[in-house]
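Please build the complex by placing chain B on the supplied structure of chain A, with the hints as guidance.
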Amino acid sequence: MEILLFDKIFLIVIVFAVSLVIALYSTLAERKVSAFLQDRIGPNRAGTFGLLQPVADGVKFFFKEDIIPSHADKALYILGPSISMITALMTSAVIPWGTYITFSGRQVAMQIADINIGILYVFAVVSIGVYGIMIGGWGSNNKFSLLGALRASSQMISYEIAMGLSIISIVMMTGSMSLGEIVSQQHGMDWNIFYQPVGFLIFCTCAFAECNRTPFDLPECEAELVGGYHTEYSSMKLGLYLFSEYINIFISSAIMSAMFFGGYNFPFMDQIASPNLVSIIGVFVFFAKIIFFIFFFMWVRWTIPRFRYDQLMKLGWKYLIPLALANIVITGTVMLIKYQFFN
Amino acid sequence: MNETSEMLNPYFPIGMQFMVALGFVMISLLTSWFLNPKINTKNKLDVFESGIPYVGNARMQFSIKYFLVATLFVLFDVEVIFFYPWAVNFKDFAREMGINGFLKMLLFMSTLFIGFIYVIKKKALDWE
Numbered sequence: 615m616e617i618l619l620f621d622k623i624f625l626i627v628i629v630f631a632v633s634l635v636i637a638l639y640s641t642l643a644e645r646k647v648s649a650f651l652q653d654r655i656g657p658n659r660a661g662t663f664g665l666l667q668p669v670a671d672g673v674k675f676f677f678k679e680d681i682i683p684s685h686a687d688k689a690l691y692i693l694g695p696s697i698s699m700i701t702a703l704m705t706s707a708v709i710p711w712g713t714y715i716t717f718s719g720r721q722v723a724m725q726i727a728d729i730n731i732g733i734l735y736v737f738a739v740v741s742i743g744v745y746g747i748m749i750g751g752w753g754s755n756n757k758f759s760l761l762g763a764l765r766a767s768s769q770m771i772s773y774e775i776a777m778g779l780s781i782i783s784i785v786m787m788t789g790s791m792s793l794g795e796i797v798s799q800q801h802g803m804d805w806n807i808f809y810q811p812v813g814f815l816i817f818c819t820c821a822f823a824e825c826n827r828t829p830f831d832l833p834e835c836e837a838e839l840v841g842g843y844h845t846e847y848s849s850m851k852l853g854l855y856l857f858s859e860y861i862n863i864f865i866s867s868a869i870m871s872a873m874f875f876g877g878y879n880f881p882f883m884d885q886i887a888s889p890n891l892v893s894i895i896g897v898f899v900f901f902a903k904i905i906f907f908i909f910f911f912m913w914v915r916w917t918i919p920r921f922r923y924d925q926l927m928k929l930g931w932k933y934l935i936p937l938a939l940a941n942i943v944i945t946g947t948v949m950l951i952k953y954q955f956f957n
Numbered sequence: 381m382n383e384t385s386e387m388l389n390p391y392f393p394i395g396m397q398f399m400v401a402l403g404f405v406m407i408s409l410l411t412s413w414f415l416n417p418k419i420n421t422k423n424k425l426d427v428f429e430s431g432i433p434y435v436g437n438a439r440m441q442f443s444i445k446y447f448l449v450a451t452l453f454v455l456f457d458v459e460v461i462f463f464y465p466w467a468v469n470f471k472d473f474a475r476e477m478g479i480n481g482f483l484k485m486l487l488f489m490s491t492l493f494i495g496f497i498y499v500i501k502k503k504a505l506d507w508e
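If you're matching them up, the sequences are chains A and B in order. Quick note on my numbering: the first sequence kicks off at 615 and runs consecutively. Quick note on my numbering: the second sequence kicks off at 381 and runs consecutively.
Same shape as in the complex, but just chain A (with noise of 0.2 Å):
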C-alpha cells in the first residue's frame, strides 16, 4: 500500500512538471512558429535562441503588480483564475502515458488514474473549466470581460455537446469509456483515426472551440474586447489564466493522440523483445504525437482567420451535431453488419 502510494506520489509529481514544462516551453513554442510563419527570427535575447525566454516571463508575472479593481467582487476575482488552473491541471490523471514498467519484481502503471469512466471523468473537468472563465468574468465586474465570458461560456458548451457525441462512435467500437482501455485496444499500427475519421474532425474542432483557440478565439478577440474575460487582471492572476490555455491545449493534444493516434502505441511493437524498452519507447511515441498536435494548434492559429460568432454558432450546432449523430448511426449500423454476418 505505501509503495503503491508512492508510486502515485511519484507519477503524479512526474506528471505535473512534464505539464508545466511543456507549457511553459508550449508559449515560447508559439512566438517562434509564429515568427517562423511569417518569415520573422522571433525571441532570440534571453538564451540561446530564447530558450529562457519562458523562465523571464515567469518570473515577470511574479514581480508585477496585482491589482484587484475596486469595483470587482474580490473573492470571485481570486477564483476565476484558480478554477481555470486547477481544472487544467487535474485532466491529466486519467491520461495513460505508457503501459507497464516492471522493477524490481513489481509493476507499475504509468497512469495516474485508471477509472472505467475516464471519458465523462475529463468532460466533468472541462465542464468545470467554464466556470472559471464565467466567474472570473462576471467577478471583474467590466463591460469587456463580462461579454468575453458570456461569449467564452456560450461556445464552450456548445461545442461541449458535439464532442461528446463524437466521442460516443469510440466507445461503441471499445465498448469501454476508460481511457486506457481504448488506448490498449489500438495495439500496434491499429489506430482508431483509420476507423473514425470523422469522429476526429469532429472532435479536433470541438477541441479547439474548448481551448479558445484560433479560428475560435473570439473570447478574447483583442480587436473588439480588448482582452476578453482577463481585461482586468494583471500579474500571477493573468498567468494563471494564460498558463491554463497552454496546458489545455497539451492535454487535449495528450487525448486527441491517445484516443485516435494509439496513443503509446506504434507499428512493429510486437518485434521488440523487452517489455520494458516498449514502453518507454511508447512514452516517447506518445510525447512525438502530443507535440505534433501541439505545433498543429499553433499551425492553425497562424493560418486561419477568425470566426464571426454567427458563423461560430452555427458551426457548432447546425453542421458538427447532426455530422456527429450521422456518424454514430454509420457506426452502428456498420458494426451491426460486421457482427450479424461475418462473424
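Mixed in with the good hints there might be a few duds.
[Stated by the list, open to error] Below, simulated BS3-like cross-link-like pairs (lysine-lysine); rule was C-alpha separation at most 27 Å, straight line:
1) B/K501 with A/K932
2) B/K445 with B/K502
3) A/K678 with A/K688
4) A/K928 with B/K445
5) A/K928 with B/K502
6) A/K928 with B/K501
7) B/K484 with B/K445
[What the hints assert, rightly or not] Examples of chain A residues lying across from chain B (beta carbon under 10 Å, computed):
8) V647
9) A686
10) I733
11) Y735
12) S759
13) M927
14) L937
15) G946
For the record, the hints were derived by calculation from the structure and aren't laboratory data. Every residue gets a Cβ at the ideal spot worked out from N, C-alpha and C, and that includes glycine.
Frame of chain A; chain B shown alone:
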C-alpha cells in the same frame, strides 16, 4: 496484478492530484502577492474602459441568446449522456440482440433529432 493494487481506490490518486493542483495555485498566487509592489491609486483601481471614464454598471442586460444556448445545452447534454451506457454495451448488443438494440436507440435518437429540428425551426440558434 497483486493484492496491494486492489486496496487503493482508483479515485484516490485523483484526490491527491487535486491537492497538488490546489497547492500549486495557492503557492503561486501567494508568492506573487508577497513579491509584487502595491502602489494603489484611485485611477489605477478604476474599471478599465479603453481609457475614458467608465459609464454605469458592467452587469447590464445581455442578449437572451446566451441564456437560450445555455438552456439548450443542459437539455442536449443530458440526452448525450444517455447515449454513453448504451454505447459501452453496444458491442454485446450487436452480437447477441442483433438489430433490436440498435432500433431502440434510433428511436431515442430520432426524438432528440426532432427536438433539434424544432429548435432550428424556431430560429433559436440564429444569431443574425
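TODO: Would you check the hint for B/K484 and B/K445, treating anything up to 27 Å between C-alpha atoms as holding?
DONE: violated (34 Å)
TODO: Decide if the proposed pair is consistent with the structure: A/K928 and B/K502, CA atoms, cutoff 27 Å inclusive.
DONE: holds (14 Å)
Task: A/I733 as chain B interface residue, shortest Cβ-Cβ below 10 Å - done: holds (8 Å)
Open item on the list: So, as I understand it, the hint says A/V647 touches chain B; can you test that by seeing if any CB pair is closer than 10 Å?
Closed with: Violated - the Cβ of A/V647 stays beyond 10 Å from chain B, reaching only about 26 Å at its closest.
- [ ] Answer holds if the nearest beta-carbon of chain B is closer than 10 Å to that of A/S759; otherwise answer violated.
- [x] Since the shortest Cβ distance to chain B is 7 Å, the answer is holds.
Task: Pairwise hint evaluation, B/K501 against A/K928, where the allowed Cα distance is 27 Å at most - done: Distance of about 13 Å is within 27 Å: holds.
Task: Hint status (Cβ of A/G946 to nearest Cβ of chain B, threshold 10 Å) - done: Holds: closest Cβ of chain B sits about 5 Å from A/G946, inside 10 Å.
Task: Agreement of hint A/A686 with chain B interface, Cβ distance less than 10 Å - done: holds (8 Å)
- [ ] Assess, step by step, whether the Cα of B/K501 is no farther than 27 Å from the Cα of A/K932, and give holds or violated.
- [x] Roughly 11 Å between the alpha carbons, so the hint for B/K501 and A/K932 holds.
Task: Per-residue hint verdict: A/M927, partner chain B, C-beta under 10 Å - done: Hint holds; A/M927 Cβ to chain B Cβ min 5 Å, cut 10 Å.
- [ ] Would you check the hint for B/K445 and B/K502, treating anything up to 27 Å between C-alpha atoms as holding?
- [x] holds (13 Å)
- [ ] Could you grab the alpha-carbon distance between A/K928 and B/K445 and see if it respects the 27 Å cut-off?
- [x] Measuring from Cα to Cα gives roughly 13 Å; hence the hint holds.
In this structure, the hints that do not hold are numbers 7, 8, 14, in rising order.
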